Each structure stands twice: as C-alpha cells, then as structure tokens.
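Protein sequences appear in the order of chains U and Y. First residue of the first sequence? That's 0 in numbering that gives the first Met the number 0, and the numbers climb one at a time after it. First residue of the second sequence? That's 0 in numbering that gives the first Met the number 0, and the numbers climb one at a time after it.
What the hints contain is simulated information worked out from the structure, not anything from laboratory work. It should be emphasised that the depicted structure is a prediction, and the values quoted were computed from it without experimental measurement. Any given hint could turn out to be false.
Since copy identity is lost for identical chains, a pair holds within one copy or between any two.
Computed cross-link-like contacts, DSS-like style, restricted to lysine-lysine with a CA-CA straight-line distance of at most 30 Å [stated by the list, open to error]:
1. Lys120 to Lys10
2. Lys53 to Lys21
3. Lys70 to Lys110
4. Lys53 to Lys70
5. Lys134 to Lys168
6. Lys168 to Lys21
There are 2 protein chains.
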Amino acid sequence: MRFGVALFPSKQLQDWVNSYRKRYDPHYALIAPHLTLVNAFETTEEEAETLARKLRDAAQQHEPFKIRTSKISSFHPVNNVIYLKVEPDDKITDLHKELNDIIDSTGQTYKFVPHITVGQKLSDDEHFDVYGTLKMQGIEHEEEIDRFHFLYQLDNGQWTVYETFRLGKEAE
Amino acid sequence: MRFGVALFPSKQLQDWVNSYRKRYDPHYALIAPHLTLVNAFETTEEEAETLARKLRDAAQQHEPFKIRTSKISSFHPVNNVIYLKVEPDDKITDLHKELNDIIDSTGQTYKFVPHITVGQKLSDDEHFDVYGTLKMQGIEHEEEIDRFHFLYQLDNGQWTVYETFRLGKEAE
Chain U
0 MRFGVALFPS
10 KQLQDWVNSY
20 RKRYDPHYAL
30 IAPHLTLVNA
40 FETTEEEAET
50 LARKLRDAAQ
60 QHEPFKIRTS
70 KISSFHPVNN
80 VIYLKVEPDD
90 KITDLHKELN
100 DIIDSTGQTY
110 KFVPHITVGQ
120 KLSDDEHFDV
130 YGTLKMQGIE
140 HEEEIDRFHF
150 LYQLDNGQWT
160 VYETFRLGKE
170 AE
Chain Y
0 MRFGVALFPS
10 KQLQDWVNSY
20 RKRYDPHYAL
30 IAPHLTLVNA
40 FETTEEEAET
50 LARKLRDAAQ
60 QHEPFKIRTS
70 KISSFHPVNN
80 VIYLKVEPDD
90 KITDLHKELN
100 DIIDSTGQTY
110 KFVPHITVGQ
120 KLSDDEHFDV
130 YGTLKMQGIE
140 HEEEIDRFHF
150 LYQLDNGQWT
160 VYETFRLGKE
170 AE
C-alpha cells in the first residue's frame, strides 16, 4: 500500500486554496489541500502499524508551531507546480527531517520546500498564464499547526487518513 | 463549521465500494467510503475541540470490534440510497449511541442502520435498475475496526479529518 504524511491547514486556508485547485489541480478530488511532510512511499499494512507508533512518539517530541504563508511561487522549470509558499523555519524543517528519518524513504529527492499545492500538471502555456495571474495574489496568513496525518491511498487515487497525531507533550 | 463522525473500513473494502460509487454516488469525490457514526452537525471550532476530548475519552471505553457485511440493500422508499449493509450488533450500536449522546445532535432522526453507501441521489428509475443489479452481488466480508474519525467539511463539500481516535485502553 501507498502511504504518506501530511498536514492540513485550517479550513479557511483550505477553502482559499481550493478556489484555485478546482480549476488548476487535477488532484483536487483526491485529497484536501495539504502540506506534504513525507512523500508517498510503499509499505505493508503491518509495517505501517510500526511506523504509526514511531510517528506518534515523534509527534510528542515536537511542539505545535506556526506556519506563515506569503506568496504564490512555482517549481518551474523542474515541474509545473504552482504553490502557496510556507516560510521555512526550524520547527517545520526539524519535524520534516525526523519524520523522513523514521520512514527512511528514498522518495525525498528534493530539498524540503514547505508548500501547499495550488495547481499542477499544467502545460507550459497554462503554467505561464496561471502563474502570471496568481503570483500577484498571495495570501499573508499565519496559523498554528498542532497535528499531522498519516494517510494511505486507495486504488482510485483518493487518500484516506490512517491516523492523526497531535504535536506536543500534552497530547498524551 | 460542519462536523461529523465516521469510520473508514479497510482499503480492500473501500476499493470494492468505490468501484460502484464512481458511477452511482455523486459524493464519490468528497469523502472516501465510510460508515457514518454521527450525522453532519454544525458547531464552532472551539466547541469541536471540547467534543474531540470527549470523543477521545469515549474511544478508550470501547474495545475494537468486528464488522460483518453481507448484502446490498436500499433505503427506498425513504430515499434512494443503495448501501452495503453492516450487520448490527451491540458493539457498534453502543458506540453509535454514546457518540451521539456526546454530540447531542438532533440530526439523528432515523433508527441507526449501520451501512456503507454505495449509491445515492439516484432517480427512481436509476435506483430500480442499479439496485436490481447490485442486490445480487453483496460481499461476505468481516474485518476489525480499531478507530474512528472526527471530520469537518470544506466549503466545496469535501471532508477533511480533524482527528482519529483509536478504540480501547491500549490506545492511551
């Protein structure tokens, strides 16, 4: 089975991102707006149960943290993904590192750029048009993240949450 | 915000149900196949946090249980919902009752019939056709349920998981 780890921002931010994803992201119906912490990887259900325990322990070692978004950016020319940039800071970078060390996945081939995808799989022309329009918009926004989610993918591509983990000691 | 409580069956069962939902359920893209424990209700985010604590306590008071599916059934003529019937037993009925007592929602107007929706919002003719075909199929299946999910709905109708709760004492 295919698993991944992500965090979902507030409903307010998800609704804002969905207003664009609806038109520009073919994964719109497969998962709610999210920030990927561990890229999709293959494992067995038995192994997932072991990983879930490790992820729960890790969650308790990290305190809730704030994320701050500012501008719309793009991974072009690496790929035509338009995203809402989340300002990197030590807390999210440390969490990302620890979770990826636990999963020990080879899927993390790029440097971690915390982001929430707004559009993807666009042709070069579409990308140019959409990015030209969106990069003016951005959203100055700050909110607290107090949990992350371990998910798995169904055969149709949809993601289902396996378990949520609250950050911090008081979550116990 | 609109919240609800549901459980997701195994990936195997979700994939089977989705093979039909794809054609017969307009909610296909909004949520993965699920069994509703508390119907959608309105509450504030602050109140949801209080409810989450109560749901977590309730989860610890209920042990994991088995669900058994057998046949495809329909709520017609009440409404044209075709569903995979989950055999009712004390464990799921008790959990349903306690969760609804916690939420104290007036949404629960029907007797609890544990089910996983396969098709809905069908015209009478469609319902007659589809039900005629599917009621022969059914799926004899048994599996263990060890968690349930507290969810909220985005403006576009999609559901996002707020938190998962594992059943039983050892979940602590």
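Check: Quick one: lysine 70 to lysine 110, C-alpha cut-off 30 Å, is that within a copy, between copies, both, or neither?
Finding: within (19 Å within a copy, 50 Å between copies)
Check: Are the CA atoms of lysine 53 and lysine 70 at most 30 Å apart within a copy, between copies, both, or neither?
Finding: neither (34 Å within a copy, 38 Å between copies)
Next item on the list: If the cutoff is 30 Å on CA atoms, where do lysine 120 and lysine 10 land: within, between, both or neither? Let me know, please.
Entry: Close inside one copy (24 Å) and across copies (27 Å); limit 30 Å.
Check: Is the C-alpha distance from lysine 53 to lysine 21 at most 30 Å within one copy, between copies, in both cases, or in neither?
Finding: Cα proximity of lysine 53 and lysine 21: none, with 35 Å in one copy and 35 Å across.
Margin query: Cα distance capped at 30 Å. Does lysine 168 pair with lysine 21 within a copy, between copies, both, or neither?
Written below: Result: close neither inside a copy nor across copies, 37 Å intra and 42 Å inter.
Next item on the list: Could you place lysine 134 and lysine 168 in one of the four classes (within, between, both, neither) given a Cα distance threshold of 30 Å?
Entry: neither (39 Å within a copy, 50 Å between copies)
Comparing the model with each numbered hint stated earlier shows that hints 2, 4, 5 and 6 do not hold.
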